[in-house]
Amino acid sequence: PAVEAARLNQRQRETLLDFALSEGAANIPPALLAALLAGDWPRLAHDHLYIRYNGPAPDHARNKAFAARWNID
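Take the numbering used here: the last position of the sequence shown gets the number 84, and nothing is skipped along the way.
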């Protein structure tokens, strides 16, 4: 379904963007999208094994490019 970004909180937007960039927007499973839209983080972690790392990113070129694009220090 179409998702209006303005209706999502920052965590939802970042998670959706992260998944779309890494796996491809067309590959987002409907159940994962439903959990994300509901803000059901335990279900995302348990049913979809989706955990975002919340620490310093490894120094890989792809991570540096992502950080530069979003002005992340």
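Careful, some of the hints might be misleading.
Pair by pair, the computed Cβ-Cβ distance ranges are [said to hold, decoys possible]:
hint : residue 1 : residue 2 : range
1    : 13        : 71        : 14 to 22 Å
2    : 75        : 54        : 13 to 21 Å
3    : 58        : 28        : 17 to 25 Å
Computed cross-link-like contacts, SDA-like style, restricted to lysine to any residue with a CA-CA straight-line distance of at most 25 Å [what the hints assert, rightly or not]:
hint : residue 1 : residue 2
4    : 75        : 22
5    : 75        : 51
6    : 75        : 45
7    : 75        : 33
8    : 75        : 34
9    : 75        : 24
10   : 75        : 13
11   : 75        : 42
12   : 75        : 18
13   : 75        : 21
14   : 75        : 29
15   : 75        : 41
16   : 75        : 35
17   : 75        : 27
18   : 75        : 25
Hints are computed from structural coordinates only; laboratory data are not their basis.
Ideal placement from N, C-alpha and C gives every residue a C-beta, glycine not left out.
Hint check:
1. For the pair residue 13 and residue 71, the beta carbons lie near 32 Å from each other, so the given range of 14 to 22 Å is not met.
2. Our hint of 13 to 21 Å for residue 75 and residue 54 is violated, since their Cβ atoms are close to 32 Å apart.
3. As the Cβ distance of residue 58 to residue 28 is approximately 20 Å, the hint placing it in 17 to 25 Å holds.
4. Straight-line distance between C-alpha atoms of residue 75 and residue 22 comes to about 20 Å, which keeps the hinted pair within the 25 Å bound.
5. As the CA atoms of residue 75 and residue 51 are separated by approximately 29 Å, the hinted pair breaks the 25 Å bound.
6. Distance hint between residue 75 and residue 45 is unfulfilled; the C-alpha atoms sit about 30 Å from each other, more than 25 Å.
7. Between residue 75 and residue 33 the alpha-carbon distance is near 15 Å, which keeps this suggested pair within the 25 Å criterion.
8. Of the pairs offered as hints, the one joining residue 75 and residue 34 holds, with about 18 Å between alpha carbons and a cut-off of 25 Å not exceeded.
9. The hinted pair formed by residue 75 and residue 24 meets the criterion: a straight-line CA distance of about 20 Å does not exceed 25 Å.
10. Taken as a hint, the residue 75 and residue 13 pair is broken in the structure, with Cα atoms around 30 Å apart against an allowance of 25 Å.
11. Between residue 75 and residue 42 the alpha-carbon distance is near 30 Å, which puts this suggested pair outside the 25 Å criterion.
12. Using a Cα cut-off of 25 Å, the hinted pair residue 75 and residue 18 is violated, with the two alpha carbons roughly 28 Å apart.
13. A hinted pair counts as satisfied when its Cα atoms are at most 25 Å apart, and residue 75 with residue 21 qualifies at roughly 21 Å.
14. Using a Cα cut-off of 25 Å, the hinted pair residue 75 and residue 29 holds, with the two alpha carbons roughly 14 Å apart.
15. Between residue 75 and residue 41 the CA atoms are separated by roughly 30 Å; this puts the pair beyond 25 Å, and the hint is violated.
16. Among the hinted pairs, residue 75 with residue 35 is consistent with the structure: their alpha-carbon atoms are about 20 Å apart, no more than 25 Å.
17. With a C-alpha separation of about 19 Å, the suggested pairing of residue 75 with residue 27 holds against the 25 Å cut-off.
18. For the suggested pair residue 75 and residue 25, the alpha carbons sit about 16 Å apart, so the restraint of at most 25 Å is met.
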